[in-house]
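*Asks:* Those sequence lines, one after another, are chains A and B.
Heads up, the first sequence stops at 137 in our numbering, and the numbers go up one at a time, no gaps.
Heads up, the second sequence stops at 337 in our numbering, and the numbers go up one at a time, no gaps.
Any given hint could turn out to be false.
As the list claims (entries may be wrong) - The calculated DSSO-like cross-link candidates involving lysine-lysine, where the alpha carbons are at most 27 Å apart (straight line), are:
id: 1; chain 1: A; residue 1: Lys-40; chain 2: A; residue 2: Lys-107
id: 2; chain 1: B; residue 1: Lys-88; chain 2: B; residue 2: Lys-13
id: 3; chain 1: B; residue 1: Lys-278; chain 2: B; residue 2: Lys-310
id: 4; chain 1: A; residue 1: Lys-17; chain 2: B; residue 2: Lys-2
id: 5; chain 1: A; residue 1: Lys-17; chain 2: B; residue 2: Lys-336
id: 6; chain 1: B; residue 1: Lys-95; chain 2: B; residue 2: Lys-10
What the hints assert, rightly or not - Here are the simulated distance ranges between beta carbons:
id: 7; chain 1: B; residue 1: Arg-143; chain 2: A; residue 2: Glu-2; range: 20 to 30 Å
id: 8; chain 1: A; residue 1: Glu-66; chain 2: B; residue 2: Ser-37; range: 38 to 48 Å
id: 9; chain 1: A; residue 1: Asn-45; chain 2: B; residue 2: Ile-8; range: 39 to 49 Å
id: 10; chain 1: A; residue 1: Thr-7; chain 2: B; residue 2: Val-89; range: 33 to 43 Å
id: 11; chain 1: A; residue 1: Asn-120; chain 2: B; residue 2: Gln-293; range: 42 to 52 Å
id: 12; chain 1: B; residue 1: Gln-293; chain 2: A; residue 2: Trp-46; range: 51 to 61 Å
Hint data in this document are derived by calculation from the structure and do not stem from the laboratory.
Just so you know, even glycine gets a beta-carbon here, dropped at the ideal spot from N, CA and C.
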Amino acid sequence: LEAAIQTNLLGPFRLIKAVAGAMFLAGGGDIVNISSDAAKTPYPNWGAYSVSKAALDMLTEIMALESEAAGLRFLRLDQGEMDTTLHEQALPDTEKSTLNQPQDVAKAFIDFLVKRETRNRHINLVFDRAFGLKEAL
Amino acid sequence: VKIASSYIRKSFKKIAYFQEGNPQVGNINDIVRCFKSGDLIIVNDSATAPMSLEARDRFNNSLELRLLRTNELSNSFLAVAFVGGSWKVPTENRKIIDPMHLGERLHIGEQVFSVRKFGPTTFKLCAVDGPEFMSTEIYRAGRMIQYSYMDDEVPLWASQSIFASRPWSSEAPSAAFAFSWNLIFQLIANGVNFASITHGAGLSSIGHVEIDEILPLTEVSMVTSETLSLIEQTRMSGGRVIGIGTSVVRAVEAAKQLNIKGMLTNQPFENSLRISSKHRIDQFDGILTGLHQEGESHFELLNAFASSHKIEALLAEASLSGCLTHEFGDFMLLLKD
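Just chain A, with the same shape it has in the complex (with noise of 0.2 Å):
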């Protein structure tokens, strides 16, 4: 669990504080962190990696708050699951054709950005292989 909170949590936690005053002095920008479903339901034997999902999340939204006047800007992504090296690893069985290509992920979301369509501070992101990415409550 120490190892899970370290990487998912208190690694972007940092990050977050060392990047956000240059983010301020340059007019603002775009902070992304990635989430997982897992952050929202609960598996079995995925409590570590849950339980600092859902807590990189619970800061992905205090900080949307506190910095709104710093010009800042905090996504979540959820990028559903994907057919990475990590994904092999975890889960061997899976049948490939189910999973997210990371490359279309990769790709909607950067089109997201670019198009700087919603004006939130805090945006949902979750990607679908039907619908593609959308943004979600």
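Put chain B on the given structure of chain A with help from the hints.
*Replies:* Same frame as chain A, now just chain B:
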């Protein structure tokens, strides 16, 4: 004024300033009242790099190198080497090695450096190979340059201001420590604007006469034309420009001189400008800085904002109110009359 010997503040930071001509000391957040909508605050966004490195010479002696200046382009740096003693020993009581006795090679971690004599006690180190050394290896192998009056070793994070980005400084641009996010948000809400410059603050003294004579070395500044135009717009619309720390004033005043000559580019430049009481500062209406005392290198620059007499009155009030001085101490705000 007593020296701050801890980097962790257990109470609010304080600031000494003039209110209706009278010196007074308050909570740092009180300065919100001293600013008005349309004022511009300029900060130094330099980060402070860990410029103290442990090295081994050809006899396998352990040395502490302090980097006086780094040069990214030539992958070299100027350094002095202490042998024996720890950071708790004041540097004037530590032995500095003559570079002639170092041999031709020094080892820092896995890296090998060639030694070239620069001055009587200073030398230039060049990476023998490994062009990545400057940025990565300094952060991997280095520690912050320590001050012997501190209770505990100062970690890297404690020497960074909220604004820290480019790692150009050996000594923290510590006036920026005045700012918490809370204070920044209060100022923004009141219509105060922020802009930045970058200035790499080098070591201002090392406690050895021969070396201190050449310090501080020429430092590197970067001031964009955007920041200069913000200053101009602010002043034209009746706002005031406040520099956060002496490095900001030096960088902007030097940039303005270059700009007049048509030589300012949006690139780093060598800054050897010294500001004395005779210098006419025309880009700033005030300065927020540490509690510098007479005899310190920064004091003369403050005389360009206020007379010694006024500063002394402020320092006396600060001392009575239990303010602390040096890197992790309290602050003063000087506005031009």
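*Asks:* Identify every previously stated hint that the structure contradicts and give their numbers, smallest first.
*Replies:* 4, 5, 6, 8
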